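Peer 1: So you can see what is in the structure, the chains are spelled out below.
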Amino acid sequence: MKGFAAAILLLAVRANAQVPGQSPDWPCAQRLVETLSAGSYWTGPVPDHPDWRNDQDLFSLVSELVDRDTPEAQGLAKLGSYADAVPPDQRASRLPALFGALVDQTNDERTPLIQRLEQLGRRQRGMGDTIAAISTRIDAMPPTDPHRDDVVGERDFDVRAFQQTQHTMRYACEVPPAMERRLGVYARALQARLAAK
Amino acid sequence: MPPALTGIVAPSLLAACLALVLAGWASPALAFRIFVSNEKDNTITVLDGTSLAILQTVPVGARPRGIVLSRDGRSLYICTSDADHIEVLDLASLTVTRTLPSNPDPEYMALSHDGRTLYVANEDNSQVSVLDVNRGQITSEIPVGVEPEGMAVSPDDRTALCTSETTSMAHFIDVASHAVTASVLVGTRPRFAVFTKDGARVWVSSEVAGTVAVIDARTHAVLHTITFDLPEVPKNAIQAVGINLTDDGRTAFVDLGPANRVAVIDQATFAVKKYLLVGQRVWHGDFSPDQKFLYTANGISNDMSVIDVDQLEVTQSVPVGQSPWGVVVAP
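Going down the list, the sequences are from chains G and H.
Per my numbering, the first sequence starts with residue 17, numbered consecutively.
Per my numbering, the second sequence starts with residue 150, numbered consecutively.
Hint data in this document are derived by calculation from the structure and do not stem from the laboratory.
Be aware that one or more of the hints could be misleading.
Claimed, not checked - Away from chain H, derived, C-beta distances all over 10 Å, residues of chain G:
1. Ser-56
2. Ser-79
3. Arg-132
4. Thr-146
As the list claims (entries may be wrong) - So, partial list: chain G residues that the calculated Cβ filter (under 10 Å) puts toward chain H:
5. Leu-52
6. Pro-61
7. Leu-133
8. Glu-196
9. Ala-205
Remember, it's a predicted structure, so these values are computed and weren't measured experimentally.
All C-beta atoms in this analysis are idealised placements derived from N, C-alpha and C, irrespective of residue type, glycine included.
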């Protein structure tokens, strides 16, 4: 059990390892890019239309396209239908504007997710410290101590909770990159339509 | 040969010779493959260099990242990070035939030019492992700065270089004595290093700083620090990672991670000539044997971008595996 706890502590230490310039609470392997920008995906100018959410049709479309429950193929089809319905002389302005709205909406959904992941990361760091402290207590207890089994049981419970959260985080960490990937797919689809005009 | 027979045979012989000559011309162009490591689905994608069709997807150990071609072109060394070792993929049979030892979580390595030694950075114990490829044994460990990451070897095999993430330094190591002969301060979180073909300079990328330091390999002076100006991209998304230098000494390509750009740089003046929009989170790349094309692995869009080196244009995106990390071209 001692080696097992040590392995868990190593995980905790790794969770604590701070990447320079990045929040120590960020628990994922990928470096965090807090806010996505249109320029990372787009070659030309993207007009800033902060009031796009007031256009109910556009808001509805963009929300559906960014929604993680919308399959990518379905999103692409909807995006294509919208783009094809835009009069050719308006595409150069409206398609980049649509992409700008997609970036805004993705950030709106991605930012709270990142905050939740950081909360989890913070909790794991605390849990790692707790497990380390309990392990130190156990090491200092004589084997005959009548409370030793209780303390070991407490430590094992925390270790299991730590492991379960680590397991959950592995999947949760995949969500921000998946949202970035979806945005890239839409960017390429829109730019291909602009290039084909 | 009777004249009548000559008239019959000669054209067919001529055609056969012509076919042979054409086949001879065509085969070198066909005779290279592209290997891409996919860190999430634990595979190597093998593509035909000419058609870019996927020839095979080879399962390997957990989390393949850094890949290096053996000097004889017959094997691919693969850092299988979560398997905690290095695998050797036989490129004839496309099967893993050997496993080489490493410390935990190997990410990247550099191969000596004589093909005998792999230098592997070990983040966990702040050492560089010297791995004898033929014997399959770690022969020594060289203590370096905290969290070593990038590795390179000079063309004369006398100097190894590793970058240290935490101390933001490039450490020059004398291969014969294992002594660290110089530690050069570069931008925050240096990730990758490469010597110029003549060995005179080393280019070192820094991920957090988003810069590339060009170091004089003899004096260890930083000759220039290249910065990247992309006003439309958040500064923290400009993360310099992989570097590819053309053998003619003219052009450098720097992969800028989540900026989704490859920067094109004049090797002589260090001026950034162009930014190329590629797939998402571009990590590393490799040239075709004639250096007319550069192929990059894009970690989030799960594709490989093809860059025309003369035209400086992205010509194609080729889907590969999940989370592609490294690219190696095998002639």
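Peer 1: Any Cβ of chain H at or closer than 10 Å to G:Thr-146, or is the non-interface label fine?
Peer 2: holds, 23 Å
Peer 1: Go through the hint on G:Ala-205 and say holds or violated, using the shortest Cβ distance to chain H against 10 Å.
Peer 2: Not OK, violated: G:Ala-205 not within 10 Å of chain H, min 12 Å.
Peer 1: Decide, holds or violated, for the assertion that all CB atoms of chain H are farther than 10 Å from the CB of G:Ser-56.
Peer 2: Contrary to the label, G:Ser-56 does not stay out of reach of chain H, its closest Cβ about 5 Å off (not over 10 Å).
Peer 1: Beyond 10 Å from every Cβ of chain H: is that where the Cβ of G:Arg-132 lies?
Peer 2: For G:Arg-132, whose nearest Cβ neighbour in chain H is about 20 Å away, the distance exceeds 10 Å, so it holds.
Peer 1: Hint validation: G:Pro-61 versus chain H, beta carbon distance must be below 10 Å. Holds or violated?
Peer 2: holds, 8 Å
Peer 1: Could you check if G:Glu-196 really has its C-beta closer than 10 Å to a C-beta on chain H?
Peer 2: Given a least distance of 5 Å, the restraint on G:Glu-196 holds.
Peer 1: Minimum Cβ distance from G:Leu-133 to chain H below 10 Å?
Peer 2: With a minimum Cβ separation of about 17 Å from chain H (threshold 10 Å), the hint on G:Leu-133 is violated.
Peer 1: Per the stated criterion, does the least C-beta distance between G:Ser-79 and chain H lie above 10 Å, as a non-interface residue requires?
Peer 2: holds, 22 Å
Peer 1: Quick check on the hint: G:Leu-52 CB to chain H CB, less than 10 Å?
Peer 2: Where the cut-off is 10 Å and the nearest Cβ of chain H is about 8 Å from G:Leu-52, the hint holds.
Violated hints for the displayed structure, listed by number in ascending order: 1, 7 and 9.
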